[in-house]
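Heads up: the sequence lines are chains Z and R, in that order. Each residue of the first sequence is one higher than the last, beginning at 41 in my numbering. Each residue of the second sequence is one higher than the last, beginning at 41 in my numbering.
Take these hints with a grain of salt, some might be off.
Some residues of chain R that are not near chain Z, with every Cβ distance over 12 Å (derived) [unchecked claim]:
1) E93
2) Q420
3) A441
4) H448
5) N469
Far from chain R, some chain Z residues (derived; all Cβ distances over 12 Å) [as the list claims (entries may be wrong)]:
6) T100
7) A279
8) L332
9) D336
10) S437
11) A441
12) H448
Derived, one-sided and incomplete: chain R residues facing chain Z with beta-carbon distance under 8 Å [claimed, not checked]:
13) E179
14) P180
15) G187
16) P320
17) L321
18) R323
19) V327
20) Y344
21) P352
22) S376
23) L380
Hints in this document: simulated from the structure, not taken from any laboratory. Every residue, glycine too, gets a C-beta built ideally from N, C-alpha and C.
There are 2 protein chains.
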Amino acid sequence: MRKKIGIGLLGLGTVGTGVAKIIQKSQGRNPLVSEIEIVRIGVRELNRPRSIELPQHLLTQKPEEVIDDPSVEVVVEMMGGIEPARTLILRAISAGKSVVTANKAVIARYGEEISSAANKAGVYVLIEAAVGGGIPIIEPLKQSLGGNRIQRISGIINGTTNYILSRMAKEGTSYKNVLQDAQKLGYAEADPSADIEGGDAADKIAILCGLAFGGRIERSKIPTQGIKNVEIRDIEYAAQLGYSVKLLAIATSFETKSTNKSSIPLAAWVQPTLVANEHPLSRVNGVNNAILVEGDPIGEVMFYGPGAGAGPTASAVVADILNIAGIHSLGSTNNSLDPLLAASSWRNCHLVEPSEIIQRNYVRLNAKDTPGVIGLIGNQFGNHGVSIQSIVQFDASANDAEIVVITHEVTKGQAMKALSAIKNLPEINSITAHMGCL
Amino acid sequence: MRKKIGIGLLGLGTVGTGVAKIIQKSQGRNPLVSEIEIVRIGVRELNRPRSIELPQHLLTQKPEEVIDDPSVEVVVEMMGGIEPARTLILRAISAGKSVVTANKAVIARYGEEISSAANKAGVYVLIEAAVGGGIPIIEPLKQSLGGNRIQRISGIINGTTNYILSRMAKEGTSYKNVLQDAQKLGYAEADPSADIEGGDAADKIAILCGLAFGGRIERSKIPTQGIKNVEIRDIEYAAQLGYSVKLLAIATSFETKSTNKSSIPLAAWVQPTLVANEHPLSRVNGVNNAILVEGDPIGEVMFYGPGAGAGPTASAVVADILNIAGIHSLGSTNNSLDPLLAASSWRNCHLVEPSEIIQRNYVRLNAKDTPGVIGLIGNQFGNHGVSIQSIVQFDASANDAEIVVITHEVTKGQAMKALSAIKNLPEINSITAHMGCL
Chain Z
41 MRKKIGIGLL GLGTVGTGVA KIIQKSQGRN PLVSEIEIVR IGVRELNRPR SIELPQHLLT
101 QKPEEVIDDP SVEVVVEMMG GIEPARTLIL RAISAGKSVV TANKAVIARY GEEISSAANK
161 AGVYVLIEAA VGGGIPIIEP LKQSLGGNRI QRISGIINGT TNYILSRMAK EGTSYKNVLQ
221 DAQKLGYAEA DPSADIEGGD AADKIAILCG LAFGGRIERS KIPTQGIKNV EIRDIEYAAQ
281 LGYSVKLLAI ATSFETKSTN KSSIPLAAWV QPTLVANEHP LSRVNGVNNA ILVEGDPIGE
341 VMFYGPGAGA GPTASAVVAD ILNIAGIHSL GSTNNSLDPL LAASSWRNCH LVEPSEIIQR
401 NYVRLNAKDT PGVIGLIGNQ FGNHGVSIQS IVQFDASAND AEIVVITHEV TKGQAMKALS
461 AIKNLPEINS ITAHMGCL
Chain R
41 MRKKIGIGLL GLGTVGTGVA KIIQKSQGRN PLVSEIEIVR IGVRELNRPR SIELPQHLLT
101 QKPEEVIDDP SVEVVVEMMG GIEPARTLIL RAISAGKSVV TANKAVIARY GEEISSAANK
161 AGVYVLIEAA VGGGIPIIEP LKQSLGGNRI QRISGIINGT TNYILSRMAK EGTSYKNVLQ
221 DAQKLGYAEA DPSADIEGGD AADKIAILCG LAFGGRIERS KIPTQGIKNV EIRDIEYAAQ
281 LGYSVKLLAI ATSFETKSTN KSSIPLAAWV QPTLVANEHP LSRVNGVNNA ILVEGDPIGE
341 VMFYGPGAGA GPTASAVVAD ILNIAGIHSL GSTNNSLDPL LAASSWRNCH LVEPSEIIQR
401 NYVRLNAKDT PGVIGLIGNQ FGNHGVSIQS IVQFDASAND AEIVVITHEV TKGQAMKALS
461 AIKNLPEINS ITAHMGCL
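Pulled out of the complex, with its shape left as it was, chain Z reads as follows (with noise of 0.2 Å):
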């Protein structure tokens, strides 16, 4: 009999229970499962009632005791934070042994200098479960896409607000209300700000355009616009032109024939959208995430699934441990690493300028009921280059007018610049919403 692979696991909350009950019950699933054994489990408590049955002598509080013991050769971090997460992953890849991990906030942040450790060290880091829960989209950037040039991703990956934004849209309910209830029902934490303000997308962007264009990007530049201003009525008026709105993060290489390669210039942000019916991330609700990305040669490709759960991150785990483990069992001696598993930044890349994103645009405006005022509105879009696809006045309160404009494709400062002198026209009272439009 093949000796079993080691591995050590830093948390047994919802998730790293989950993964040891993939493990201990490895009956219908790939077989390599079985060959996984659980040596040390770090734990907050001891004695915490548990929904699973594990021998006491694998629990430890020091989460040093489990990367230090000689039998671990793979560190699972599902402890979450950015500290002491980031300290005993390092330490981990100090000892030589690989790690995976489901923490968005730290791979985003120390993305870098985790795995310039890693190659040094000659081991591999691993983070299928960092974005998307359980669907896979990390290996597949990796591998499966590896002969594209990426163009563009556009994701759906944060499952809180697009849980919020989908009840707002079928009840008609409040942004407040649903939230309220999304809190009761564990769908939002009792601090949702990394959610709704959307950090959190904004942490997975930052990763996954790591992985699609190959060189990092600083995770404290992209512009990330949250869903707490979407109001029903923004929803009802995208809903009656065709459209949902859906919290994206997006990221899109900006690399022409004539750009100097010495740095790839990239756009990414997060903003709340208008999405077309007809589009393929339109009918992605609840806490489902989908990521389209789009290539060449290979056009356009989705990913959908559950983006968070204690089952599917753990699927998402447990994937990458077999993949450290179906290479382990190659026995490979030179310490060298699948250069597609390990996905190291191979070129360098930069955000624009925010002003540069290029995108269409929706805006709501509140104005005196005057006639001539869409004419006015038109011609102040026009006079600053920003073409416009439709505008349209919908019903509101006596004496003024609520109109929507949605543009064409333009850069955010010719935009913002339009906007600008909008806003001091007479005749505008203020503009009450302004979101992206795919």
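Dock chain R against chain Z, hints included.
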């Protein structure tokens, strides 16, 4: 500099040319692409005009020369058809060379023979392009979903029939007219039988079945119903009831806790099927494919994209070449295979009798337009233990009524018994359509 990995192409049609183009222009793709070198190409004609420039000395009309060339490490078979493809694949394996193939017909029929030869020789046979065109589905099933117990796969995996059904639905045009037009446009072949009779989809579901459930099934025993008899009126009635009609290939596990584990019972079939509008497969139109995988603990994931075409297929072929190149670069010397990538059968599976297939049914009946006929039909279904979800009379000609029944889930055996009793009722003229329903 690392030595490049030499590959030999068998076939330089549209897919072969697509593969060569990716490798020739590696800039902007995964850096491993630049480590692949085409060293020999087997073609039918040496001097045909081609859309790609290649050194003439690479070409040969003798495919054996490609295989036997000592600088060829990986043989890429893109000839199609059963022979000589099968023999050449086996010859490459005997020569100790890994094989990449897009040949679903060979793999569905001779997969067992090829895979056991490959395992004995310690080489890989990779087949990402054989199912779903460019969509990554083979690799996710082998690797990313390996922690799951797969319960079911449902796929739109034939682009030609999906194109025809989509156009029938959109334009209200008959099957015959759309087929003729599809042939003119190159979306259907001159002899379209493999596509429209469902054989191509059956080949592909046989392959997916082996990967998802870990054991081979007999390709020839898959019940297969094509789209020839799908009428415009079926598509219209389905739309009125909230469904679209798709040619689905389905494979599902019948394993329960009490199943004798010496062989796992599966069902697999190909059939035109009504798909509810809320279902993620319902919006997959044109030549696109999509495969929905259900497993424990992941739940449902779907893979969507272009199911055919030179570019997408070439993308999948290159993915396989990269995977082999990545492993080769590890320099493992003990001739062992990564068990995830090699993915041989690991248990016995068998197909249950077609009569045991469980599904909902769509049935269209032509009946005499007499009072009580709906009650009679309902009673007959009830007498045979088939419960009905809906039964609707649609407009029809002078004396005849057109009645559409959608049943709840029931075995095919029971459904057929009920239908044969209904057919014998004097009030029933004929059973005019019978499809599945999701």
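Taking the hints in turn, this is what the structure says about them:
1. E93: Holds: least Cβ distance 18 Å, greater than 12 Å.
2. Q420: holds (38 Å)
3. A441: Answer for R/A441: holds, closest chain Z Cβ roughly 35 Å.
4. H448: holds (25 Å)
5. N469: Label holds. Min Cβ-Cβ 39 Å, cutoff 12 Å.
6. T100: Holds, since 25 Å exceeds 12 Å.
7. A279: At about 16 Å from chain R, Z/A279 clears the 12 Å cut-off, so the statement holds.
8. L332: Violated: least Cβ distance 9 Å, not greater than 12 Å.
9. D336: Given a closest Cβ separation of 7 Å, the condition is violated.
10. S437: Holds: least Cβ distance 36 Å, greater than 12 Å.
11. A441: Holds, because the least Cβ-Cβ distance between Z/A441 and chain R comes to about 35 Å, which exceeds 12 Å.
12. H448: Given a closest Cβ separation of 25 Å, the condition holds.
13. E179: Cβ of R/E179 sits 5 Å from chain Z, so the hint holds.
14. P180: Where the cut-off is 8 Å and the nearest Cβ of chain Z is about 4 Å from R/P180, the hint holds.
15. G187: holds (3 Å)
16. P320: holds (6 Å)
17. L321: violated (11 Å)
18. R323: holds (6 Å)
19. V327: violated (10 Å)
20. Y344: holds (4 Å)
21. P352: R/P352 check passes; min Cβ-Cβ to chain Z is 5 Å, inside 8 Å.
22. S376: holds (5 Å)
23. L380: holds (4 Å)
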